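Trainee: Listed below are the residues making up each chain.
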Amino acid sequence: MADGMKLSRESLQAALRKRGPLWAPNDAGHWATVEALPELGPIRPRRPVKDLFTPPRREIALWKAGARPAEIEAALPDETPGSVFGVRPCDARALLLLDRAFLQAPYVDPHYKARRDSLLLIGVACQPGPNCYCGVFGFGPDDKDAVDVMLTPEADGFIAQAGSLRGQAFLATVPAGAAVPVTAPRPGPRPEWWTGLPDPKALYANFDHPIWRELGTSCMNCGVCTQYCPTCQCFTVDDESFKGEIQRLRIVDNCQRSDFTRMAGGHNPRQVAASRLRQRVMHKFSYMPTQNPGLVGCTGCGRCVELCPLDRHLFADVFEIMKRINQEAERVA
Amino acid sequence: MLRDPLLPLPARISERIDETADTVTFHFELLDESERKAFRYLPGQFAEISAFGEGESTFVIAGDPARPERLTVTTKRVGAHTEALHHLYAGAIIGFRGPYGKAFPVAEWKGKDIVIAGGGIGLAPLKPIICHVLNQRAEYGKLTIVYGARSPGDLMYAADREIWAKAPSTELVVTVDKGDANWKGREGFVPAVLRATAPKAENAVAITCGPPIMIKLTLPVFKDLGFPAESIFTTLEMKMKCGLGQCGRCNIGPFYVCKDGPVFSVAQLQQLPQEF
Chain A
740 MADGMKLSRE SLQAALRKRG PLWAPNDAGH WATVEALPEL GPIRPRRPVK
790 DLFTPPRREI ALWKAGARPA EIEAALPDET PGSVFGVRPC DARALLLLDR
840 AFLQAPYVDP HYKARRDSLL LIGVACQPGP NCYCGVFGFG PDDKDAVDVM
890 LTPEADGFIA QAGSLRGQAF LATVPAGAAV PVTAPRPGPR PEWWTGLPDP
940 KALYANFDHP IWRELGTSCM NCGVCTQYCP TCQCFTVDDE SFKGEIQRLR
990 IVDNCQRSDF TRMAGGHNPR QVAASRLRQR VMHKFSYMPT QNPGLVGCTG
1040 CGRCVELCPL DRHLFADVFE IMKRINQEAE RVA
Chain H
-16 MLRDPLLPLP ARISERIDET ADTVTFHFEL LDESERKAFR YLPGQFAEIS
34 AFGEGESTFV IAGDPARPER LTVTTKRVGA HTEALHHLYA GAIIGFRGPY
84 GKAFPVAEWK GKDIVIAGGG IGLAPLKPII CHVLNQRAEY GKLTIVYGAR
134 SPGDLMYAAD REIWAKAPST ELVVTVDKGD ANWKGREGFV PAVLRATAPK
184 AENAVAITCG PPIMIKLTLP VFKDLGFPAE SIFTTLEMKM KCGLGQCGRC
234 NIGPFYVCKD GPVFSVAQLQ QLPQEF
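Note that the protein sequences, when read in sequence, are chains A and H. Going by the numbering used here, the residue at position 55 of the first sequence is 794; the numbering climbs one at a time, nothing skipped. Going by the numbering used here, the residue at position 193 of the second sequence is 176; the numbering climbs one at a time, nothing skipped.
The set of hints was computed from the structure by calculation and includes no laboratory data. Bear in mind the structure is a predicted one, so any value in this text is a computation, not a measurement. C-beta: ideal position from N, C-alpha, C; glycine also. Treat each hint with caution, since some may be false.
[As the list claims (entries may be wrong)] Using C-beta positions, here's what the derived DEER-type ranges look like:
no. : chain 1 : residue 1 : chain 2 : residue 2 : range
1   : A       : GLY868    : H       : GLU258    : 33 to 39 Å
2   : H       : GLY171    : A       : GLY935    : 55 to 61 Å
3   : H       : GLY171    : A       : LEU936    : 50 to 56 Å
4   : A       : ALA809    : H       : GLY62     : 43 to 49 Å
5   : H       : ASP163    : A       : GLY1005   : 22 to 28 Å
6   : H       : ASP163    : A       : GLU1059   : 54 to 60 Å
7   : A       : PRO914    : H       : MET(-16)  : 33 to 39 Å
8   : H       : ALA212    : A       : GLY1005   : 25 to 31 Å
9   : A       : GLY1005   : H       : ARG169    : 39 to 45 Å
10  : A       : PRO949    : H       : ARG50     : 34 to 40 Å
11  : H       : GLU154    : A       : LEU936    : 51 to 57 Å
12  : A       : PRO781    : H       : MET(-16)  : 37 to 43 Å
13  : A       : VAL1071   : H       : GLU154    : 48 to 54 Å
[What the hints assert, rightly or not] Residues from chain H that keep clear of chain A, each with C-beta distances beyond 10 Å, as calculated:
no. : residue
14  : GLU16
15  : GLU122
16  : LYS167
17  : LYS199
Using the sequences plus the hints, can you model the full thing?
Mentor: Structural data, given as structure tokens:
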């Protein structure tokens, strides 16, 4: 078992401050620059850390008032070295999925890449809450696979473990206390009734199952689940004009909106609510694992469960879908 | 530094052609000389075009791929963005990103007869195929083009059609749903006219694009004529924003239409969920 090292809060903070801006969740649970390491809540903050990498709104280009149309000013990626403190494993793992979307040649998003390259991810182990389900995906609250450094809080500081070579190099710069043995990773929580992830192919084979409509009737497609999801990647491109100035923006979007797929001329392949709920479940639990074996489009952060105004439970839905599908398969067999 | 793939390149409109009451073709050139000289595209690839201040929309590049410096899109006025585009004339600057998507596999079609069935503005993605076949006339067999529109006033590409009508080993059949007093040509829907034209399926490929209902009724005609699903191609219309396989909008099954399409064979389409 690899050793961890004891770090005092002060020495860690000094080393992080030396790197550049320090990002952490603020009191509202949003990611902001801070002067000192904040006290964190027991679980993930309200907003996923993806906000720093694929922000809800970012400028692509700007046409200044009075500029000729060909004078396009490109927005520049932020390459300032810095650190993010308080990243939870569920949010960090979600970045691995977003990497598949935004770092894949030939269309690399330079803004996303600049932040991924320049921000050190400092994870802090959490105390899972009632809607946390990372165990469903085979990792736990102190998982260090997707962060540079994982910290386990102690009374007078942290026990730090490197999760990457970059993290190892950073830890070498921090004045450390004694090396301490590290216990085995803690298992993640999952629903007691959970029987396992669905087979992506079985889910896809039931694209036309009546259960989608049954479930869809109690979803109002508000899209909160996708807006807070750490793995959701969808965006739109639009212009905003103000006093002669035109901004080309990349703005977060979500598949639960009724006009997400409405085409010019009115045709909309996902006209009904059920088809959009199906799209969300299929994308995360069938299409993503099919395209990227071993990766599921969910990391069990549970924000969608916690924030749904109609108390829908993604895992209960997926469980119910698979239960029905399996029962019917057994009946036929 | 990496270039943001969402950043448009400025391009200047060189010519505007009003095709019908609501459809305009723009020819344009990239302003940057090195970009213009390096630019290439293949039949069926598309681009994101912007009228600055109104965002972007997706259009197939409807030009001659052998003349990639002269870019072309044909646009129908259906919303705020196309409305803004239709206020632009020669000399105006637009934004361009592309080319995106998989092209029609024209290289694999060498030696075969080519059968094209287009309806309305659906002729736009088919035009680069026609240009390509006529550019390399000896490489392909007979070219049959069945093109239809609602009325004589809805037919587009008049100048191109004159050239196609005189091209060697090419049969151009033009039809309208309903003619007017001056119309001396054929009347009838594309699927029926295609059936009557009866191109042979042996050693041939079929390509169709048009309104969804036309495509729906044309595919069984190709099947009846003996074309296997692997030899029938179409290009999917699906809402897109980025063209890069990132924005999530055109996701159907495990595919992104912008990246894995928009060109699909009917055999490939049969593997997709029937969502539209």
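Trainee: Could you check that no beta carbon of chain A comes within 10 Å of the beta carbon of LYS167 (chain H)?
Mentor: At about 31 Å from chain A, LYS167 (chain H) clears the 10 Å cut-off, so the statement holds.
Trainee: Taking the beta carbons of ALA809 (chain A) and GLY62 (chain H), is their distance inside 43 to 49 Å?
Mentor: violated, 25 Å
Trainee: Please check whether GLY171 (chain H) and GLY935 (chain A) have a Cβ separation lying inside 55 to 61 Å.
Mentor: With Cβ atoms ~57 Å apart, the hint holds.
Trainee: Tell me if the beta carbons of VAL1071 (chain A) and GLU154 (chain H) are separated by a distance inside 48 to 54 Å.
Mentor: holds, 51 Å
Trainee: For the range 51 to 57 Å, tell me whether the beta carbons of GLU154 (chain H) and LEU936 (chain A) fit it or not.
Mentor: For GLU154 (chain H) and LEU936 (chain A) the Cβ distance comes to about 55 Å; the hint holds.
Trainee: That 39 to 45 Å hint for GLY1005 (chain A) and ARG169 (chain H) (C-beta), does it hold up?
Mentor: Roughly 29 Å apart at Cβ, these two residues miss the hinted range, so it is violated.
Trainee: With d taken as the least Cβ-Cβ distance between GLU122 (chain H) and chain A, does d exceed 10 Å?
Mentor: Given a closest Cβ separation of 29 Å, the condition holds.
Trainee: Verify that the Cβ of GLU16 (chain H) lies farther than 10 Å from every Cβ atom of chain A, and report whether the claim holds or is violated.
Mentor: Since the minimum Cβ distance to chain A is about 13 Å, GLU16 (chain H) lies beyond 10 Å and the statement holds.
Trainee: Range first: 54 to 60 Å. Now tell me if the beta carbons of ASP163 (chain H) and GLU1059 (chain A) are that far apart.
Mentor: 58 Å Cβ-Cβ, so the 54 to 60 Å window holds.
Trainee: Quick check: does the Cβ-Cβ distance between ALA212 (chain H) and GLY1005 (chain A) fall within 25 to 31 Å?
Mentor: Between ALA212 (chain H) and GLY1005 (chain A), where Cβ atoms are some 29 Å apart, the hint holds.
Trainee: Within 34 to 40 Å or not, the Cβ separation of PRO949 (chain A) and ARG50 (chain H)?
Mentor: violated, 53 Å
Trainee: Quick check on a hinted range of 33 to 39 Å for GLY868 (chain A) and GLU258 (chain H), using CB atoms only.
Mentor: holds, 36 Å
Of the numbered hints given earlier, the model fails hints 4, 9 and 10; all others are met.
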